[in-house]
Amino acid sequence: MNNRVPKSLPAEIRPSLFSGHDWIALAIVCLTFVIPFTSTNPQVLSQTNLILIAATAALGVYIMQRLDLMSFAVPSFMAIGGYTVALLSMKLQLTDVFVLAAAAFLMPALCAIPLGALILRLKGVYFVLVTFVLTEIVQLLLFEAGPITGGSNGLVGMPAVKIFGMELWDNPHVLLTTCGLAFVSFIVTSVFTRWFRSEFAAIETNDVLAESLGLAAWKYKAMAFSVAAGVSGLAGFALVNMLLTAHPSSFAPMSSVNYITYTIVGGKASILGTLIGALLLVSATDYFALSGEMSPGLFGLLIIVVTMVARGGVVGVVSGLLYRLAGQSPPLKNGEQDLGVNGEKGQ
Amino acid sequence: MTIGLGRLVCGSLLASAGFVGAVSACELKIGVPAVLSGPAAQWGIALRGATEFVAKETMEEKRLVINGVACTVSVKSIDSKYSAEGAASATSALAAEGIKVIIGPVGSPEVTGFKPVATRNRMVAMVNSFAKNSIGPEWPTVFHIGPGPSGWAAPIIDVGLQRYKFKTAAIVAPNDQGGTDIASVNADIFKQRGVTVTEEYYQRGTTNFAPIVTRIMASNAEALDLASSPAGDAGIIVKQIRQAGFTGPIFRLGGPGTDEIARVAGGLDILKDFLWYEPVYMDDNMRALEQKYEKLMGSVRPENSDFFRWTFAARMMIKAIQAAGTIDNAEKIAAAMRTLPVEDEHIGKGYWIGQKFFGINQEMSYPFAIGVIQGGVKQPLIRAEAVSEK
Amino acid sequence: MESFIATGLIGISLGTQYTLLALGFTLIFGILGVVNFAHGGFYVMGGYVAYYCNVILGLPYPVAVLMAMLSMAALGWLFEAFILERVIEDHQATLMVTMGFYLVMATAILMIFGAESPQFPFPVTGVWRLGGIYFPYANMIVLGACLAAIVFVYWLVYRTNIGRGMRAMSEDLPVASALGMRTKALFPFAFALATGLAGGTGALVTPILALAPHVGDSVLAFSFLTVILGGLGSVTGATCAAFIVGLIEAYAAVYLGGSKGALTLFALVLIILVVRPQGLLGREVRRS
Numbered sequence: 001m002n003n004r005v006p007k008s009l010p011a012e013i014r015p016s017l018f019s020g021h022d023w024i025a026l027a028i029v030c031l032t033f034v035i036p037f038t039s040t041n042p043q044v045l046s047q048t049n050l051i052l053i054a055a056t057a058a059l060g061v062y063i064m065q066r067l068d069l070m071s072f073a074v075p076s077f078m079a080i081g082g083y084t085v086a087l088l089s090m091k092l093q094l095t096d097v098f099v100l101a102a103a104a105f106l107m108p109a110l111c112a113i114p115l116g117a118l119i120l121r122l123k124g125v126y127f128v129l130v131t132f133v134l135t136e137i138v139q140l141l142l143f144e145a146g147p148i149t150g151g152s153n154g155l156v157g158m159p160a161v162k163i164f165g166m167e168l169w170d171n172p173h174v175l176l177t178t179c180g181l182a183f184v185s186f187i188v189t190s191v192f193t194r195w196f197r198s199e200f201a202a203i204e205t206n207d208v209l210a211e212s213l214g215l216a217a218w219k220y221k222a223m224a225f226s227v228a229a230g231v232s233g234l235a236g237f238a239l240v241n242m243l244l245t246a247h248p249s250s251f252a253p254m255s256s257v258n259y260i261t262y263t264i265v266g267g268k269a270s271i272l273g274t275l276i277g278a279l280l281l282v283s284a285t286d287y288f289a290l291s292g293e294m295s296p297g298l299f300g301l302l303i304i305v306v307t308m309v310a311r312g313g314v315v316g317v318v319s320g321l322l323y324r325l326a327g328q329s330p331p332l333k334n335g336e337q338d339l340g341v342n343g344e345k346g347q
Numbered sequence: 001m002t003i004g005l006g007r008l009v010c011g012s013l014l015a016s017a018g019f020v021g022a023v024s025a026c027e028l029k030i031g032v033p034a035v036l037s038g039p040a041a042q043w044g045i046a047l048r049g050a051t052e053f054v055a056k057e058t059m060e061e062k063r064l065v066i067n068g069v070a071c072t073v074s075v076k077s078i079d080s081k082y083s084a085e086g087a088a089s090a091t092s093a094l095a096a097e098g099i100k101v102i103i104g105p106v107g108s109p110e111v112t113g114f115k116p117v118a119t120r121n122r123m124v125a126m127v128n129s130f131a132k133n134s135i136g137p138e139w140p141t142v143f144h145i146g147p148g149p150s151g152w153a154a155p156i157i158d159v160g161l162q163r164y165k166f167k168t169a170a171i172v173a174p175n176d177q178g179g180t181d182i183a184s185v186n187a188d189i190f191k192q193r194g195v196t197v198t199e200e201y202y203q204r205g206t207t208n209f210a211p212i213v214t215r216i217m218a219s220n221a222e223a224l225d226l227a228s229s230p231a232g233d234a235g236i237i238v239k240q241i242r243q244a245g246f247t248g249p250i251f252r253l254g255g256p257g258t259d260e261i262a263r264v265a266g267g268l269d270i271l272k273d274f275l276w277y278e279p280v281y282m283d284d285n286m287r288a289l290e291q292k293y294e295k296l297m298g299s300v301r302p303e304n305s306d307f308f309r310w311t312f313a314a315r316m317m318i319k320a321i322q323a324a325g326t327i328d329n330a331e332k333i334a335a336a337m338r339t340l341p342v343e344d345e346h347i348g349k350g351y352w353i354g355q356k357f358f359g360i361n362q363e364m365s366y367p368f369a370i371g372v373i374q375g376g377v378k379q380p381l382i383r384a385e386a387v388s389e390k
Numbered sequence: 001m002e003s004f005i006a007t008g009l010i011g012i013s014l015g016t017q018y019t020l021l022a023l024g025f026t027l028i029f030g031i032l033g034v035v036n037f038a039h040g041g042f043y044v045m046g047g048y049v050a051y052y053c054n055v056i057l058g059l060p061y062p063v064a065v066l067m068a069m070l071s072m073a074a075l076g077w078l079f080e081a082f083i084l085e086r087v088i089e090d091h092q093a094t095l096m097v098t099m100g101f102y103l104v105m106a107t108a109i110l111m112i113f114g115a116e117s118p119q120f121p122f123p124v125t126g127v128w129r130l131g132g133i134y135f136p137y138a139n140m141i142v143l144g145a146c147l148a149a150i151v152f153v154y155w156l157v158y159r160t161n162i163g164r165g166m167r168a169m170s171e172d173l174p175v176a177s178a179l180g181m182r183t184k185a186l187f188p189f190a191f192a193l194a195t196g197l198a199g200g201t202g203a204l205v206t207p208i209l210a211l212a213p214h215v216g217d218s219v220l221a222f223s224f225l226t227v228i229l230g231g232l233g234s235v236t237g238a239t240c241a242a243f244i245v246g247l248i249e250a251y252a253a254v255y256l257g258g259s260k261g262a263l264t265l266f267a268l269v270l271i272i273l274v275v276r277p278q279g280l281l282g283r284e285v286r287r288s
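Protein chains in written order, with our numbering: chain S, 1 to 347; chain U, 1 to 390; chain F, 1 to 288.
Chain S on its own, in the form it takes in the complex (with noise of 0.2 Å):
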């Protein structure tokens, strides 16, 4: 792997920003605004929102995993974007699509910097449970704090964001709110992970070295974090704004899994990964809703199949495929354009 440590290699040395990858999960988020114009059948608008909503905050757990972190904290991120939304709405009247999208990515990226100076230290599993912890405290304070969230009925009666001050009410104007919130929040993933690659494969790679050799570890750290709770603030206001609800049961600790398994299936190398292990997961929880109570066993053995099968995810698997059809050997041992397979990672 790579361990050169660049300490700030000027912009013009650097190789394109984003890979092949990144443009066409791009591409994809791009091609959704379409939809809203085009569809009114309101199957497929709910696909759609819930396919971006799920993607952008699995997006919480991929800037994570840069940092060989693996993160349950994501709801806890989306409890407090979706629930600074439906307070500045319901007790401020800020309707403002843009102020609000502001401060659903600001208020949990602001939480995470002094959660993060307490728990970015642990490592590895340590790391894995304590942030699955701290879902279940955001959780019981989500009930506890009921003069301000509404306790256990969450906030009801949110009015309809507003854009340029035309309200996004219907079933169209929410989900084209969802993609530009999707779209944002994609954005940002991409070029903040792309821009400090090396640092952060540096860190992923062996982190105590890093530090050694003069790579403020902490302070990439600390970033992450804070861009993976503004993401998935981002995924909360998105979710908030398809119910007009805020309630604890939308950030429920286990969900957390839900959106872990969304970026490892889809292969947890790049941001396409992390898209279409939503796309294929939730249709799959869609499709299997048909088979009743046998759903979520098939979902299992789905994450079983794919885990043992499909080393690298989906999106892994199938680029090893192409490079291999177009008789090139895969570029993924070169930690600059490090987008390919990456499961196979030392110890």
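Check the hints yourself; a few may be wrong.
[As the list claims (entries may be wrong)] Straight-line alpha carbon distances no greater than 25 Å define the calculated SDA-like cross-link-like pairs of lysine to any residue that follow:
1) S:Lys123 x F:Ile88
2) U:Lys76 x S:Ile148
3) U:Lys132 x S:Leu87
4) U:Lys132 x S:Ala284
5) U:Lys167 x F:Tyr255
6) S:Lys219 x F:Ile88
7) U:Lys292 x U:Gly245
8) U:Lys132 x U:Ala70
9) F:Lys260 x U:Ala335
10) U:Lys29 x U:Ala70
11) U:Lys132 x S:Pro296
12) U:Lys191 x F:Leu256
13) S:Lys162 x S:Ser39
14) S:Lys219 x S:Leu118
15) U:Lys76 x S:Thr48
16) F:Lys260 x F:Val275
17) U:Lys167 x F:Gly131
18) U:Lys132 x S:Gly151
19) F:Lys260 x S:Gly151
20) U:Lys272 x F:Leu256
21) U:Lys76 x S:Leu118
22) U:Lys132 x S:Leu141
23) S:Lys219 x F:Ile248
24) F:Lys260 x S:Ala252
25) U:Lys191 x U:Val159
[Unchecked claim] Stretch-level coverage of chain U by chain S, calculated; a stretch enters the list once three of its residues show a Cβ under 8 Å from a Cβ in chain S:
26) 112-120
27) 302-310
[Claimed, not checked] Covered stretches of chain S (chain F as the covering partner; in silico rule of three or more C-beta atoms under 8 Å from a C-beta of chain F):
28) 83-91
29) 125-131
In short, the hints are calculated from the structure, not lab data.
The beta-carbon is built from N, C-alpha and C at its ideal position, and this holds for glycine as well.
Dock chains U and F against the given chain S, drawing on the hints supplied.
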């Protein structure tokens, strides 16, 4: 012979032409977002069974005739997974098929996710859920199949007070909407009757209730209300509080499930003195309805006794559609529903209520029943009259 | 004072249950480096196997408990040898696989036994009382079983060749295999031991509490808390932590109330982790 055959062919052609005409003119599709997976599946199965039964009944007996054409009625049910997202997604899928008439969903989180989507897609609905905001003026086309504890807790507590002496009571429920909404309503009703109340909330997922039981014992409560604690949890609470030496009466003012509570607790002896809300009073009329279901559907009715309330609700919806004369204008159907009296051929007359509690008079109130176990022996159900707000 | 002692007794019975669960969980982590998300599944399935043997087949309760342990050990062995072993080097893949297996197990139970709780009573009823203090006999039996299990695990890990092998492998796998340890045989054995313990716990505890397909969910959360607190991979740490968690949970819940008690417990664990990331008795952080 040939002429006869010709006539027959002609006749059937005409008939099918008429049928095709009818399909394009009046084909009612009822959407059912029902929980069909997980621990709450039995509730959704009762909802689905009742709606399918009413659909068949409507067609067989030509109960829905619009512009002189008997309508076909079909049911489309989708798993709403007992979550807000699940219900929102199921409702969107129903809306995708142009469905405007909804029966369901069952639980509080589902109804929370359902209402905004239903309102956006201009649907008319009959929902359940014991939440404090199940229905309301914000959702004018959403109706409630029957009251929560605000409607029936008072008469049950009165029966309890007649049979047992208690001045203090403890209410235990999970610390989420499904628990707090019901426990707080029950608490108010106990207080109105001069009973001092302590409320205990536990984290959903708790498996050992010994600490909660210790708190209840320390509060010197003489009666206990399990409110809407899930039957499995309620069973453990009963088992552990009897082990701790509690001898007072136990209420279950939050829905059925007494059989399961008894199984987990270890038998009727452990329940000892127990009172609960039963959605319907089983009498000859109800048995006639059961038989009708068997005859029409060819199988036994769904086990969950909310089947009956869903049947009454679905029939009410059909009547409203008939009165409105449209199968796809939700506002008109809702307006027609408000003017109709609450009445069903099997359970009899009821009332529209809800103004006092929800701020909107769109809740059907029918007679119900009170279940009693005394000294470990199941007593016959007590019939309770429909609650009225007048 | 009476209620203080009564609460302590509750804390101890909670502690015994958590010890039984945490021992298996921490063994799997210590030896295989795997966080077993399916642990709760083995617990519930153990409960159902015991129920099936005891109530449906009419076998004596102790035999039913034994059957639950053996069948869950067998299932654990098969799962480790045929599925988990293939992805064992990638800790995220092991997480996914055990998570998926939990969903499969929970669904299988739901399909076979239905969603509602069956009647599965503990064979011994009755309560020991002294004034306001009480302790059900059933809980005493579980306490005894727990002590036996702790002794057994200690004996196995510290006094037998298998245990030495397992400990060597958890210290340094490459060196251990270079010295001739047969990881292929020891990994499934360790996993089977842990899942057998979980199954036995289910058989012992579900009749005291309740048996239902979903009761495994909270098992996972509490096993997490216990092993974090005790230090992942440490048997002594897990045992101490289980009783600490049990006592804190009991006292916090009794004196602060249900959901505030849970909040106190979580917050306390978070603080301990931040101050002492390796847990009470954990060693250096293992990078798996």
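Quick rundown of the hints versus the structure:
{"no.": "1", "hint": "S:Lys123 x F:Ile88", "verdict": "holds, 19 Å"}
{"no.": "2", "hint": "U:Lys76 x S:Ile148", "verdict": "violated, 39 Å"}
{"no.": "3", "hint": "U:Lys132 x S:Leu87", "verdict": "holds, 20 Å"}
{"no.": "4", "hint": "U:Lys132 x S:Ala284", "verdict": "violated, 34 Å"}
{"no.": "5", "hint": "U:Lys167 x F:Tyr255", "verdict": "holds, 23 Å"}
{"no.": "6", "hint": "S:Lys219 x F:Ile88", "verdict": "violated, 32 Å"}
{"no.": "7", "hint": "U:Lys292 x U:Gly245", "verdict": "violated, 47 Å"}
{"no.": "8", "hint": "U:Lys132 x U:Ala70", "verdict": "violated, 39 Å"}
{"no.": "9", "hint": "F:Lys260 x U:Ala335", "verdict": "violated, 46 Å"}
{"no.": "10", "hint": "U:Lys29 x U:Ala70", "verdict": "holds, 14 Å"}
{"no.": "11", "hint": "U:Lys132 x S:Pro296", "verdict": "violated, 31 Å"}
{"no.": "12", "hint": "U:Lys191 x F:Leu256", "verdict": "holds, 23 Å"}
{"no.": "13", "hint": "S:Lys162 x S:Ser39", "verdict": "holds, 21 Å"}
{"no.": "14", "hint": "S:Lys219 x S:Leu118", "verdict": "holds, 13 Å"}
{"no.": "15", "hint": "U:Lys76 x S:Thr48", "verdict": "holds, 22 Å"}
{"no.": "16", "hint": "F:Lys260 x F:Val275", "verdict": "holds, 22 Å"}
{"no.": "17", "hint": "U:Lys167 x F:Gly131", "verdict": "holds, 24 Å"}
{"no.": "18", "hint": "U:Lys132 x S:Gly151", "verdict": "holds, 13 Å"}
{"no.": "19", "hint": "F:Lys260 x S:Gly151", "verdict": "holds, 14 Å"}
{"no.": "20", "hint": "U:Lys272 x F:Leu256", "verdict": "violated, 30 Å"}
{"no.": "21", "hint": "U:Lys76 x S:Leu118", "verdict": "violated, 51 Å"}
{"no.": "22", "hint": "U:Lys132 x S:Leu141", "verdict": "holds, 21 Å"}
{"no.": "23", "hint": "S:Lys219 x F:Ile248", "verdict": "violated, 36 Å"}
{"no.": "24", "hint": "F:Lys260 x S:Ala252", "verdict": "holds, 18 Å"}
{"no.": "25", "hint": "U:Lys191 x U:Val159", "verdict": "holds, 15 Å"}
{"no.": "26", "hint": "112-120", "verdict": "holds (count 5)"}
{"no.": "27", "hint": "302-310", "verdict": "violated (count 0)"}
{"no.": "28", "hint": "83-91", "verdict": "violated (count 0)"}
{"no.": "29", "hint": "125-131", "verdict": "holds (count 5)"}
The structure fails hints 2, 4, 6, 7, 8, 9, 11, 20, 21, 23, 27 and 28 (numbered hints given earlier, in ascending order).
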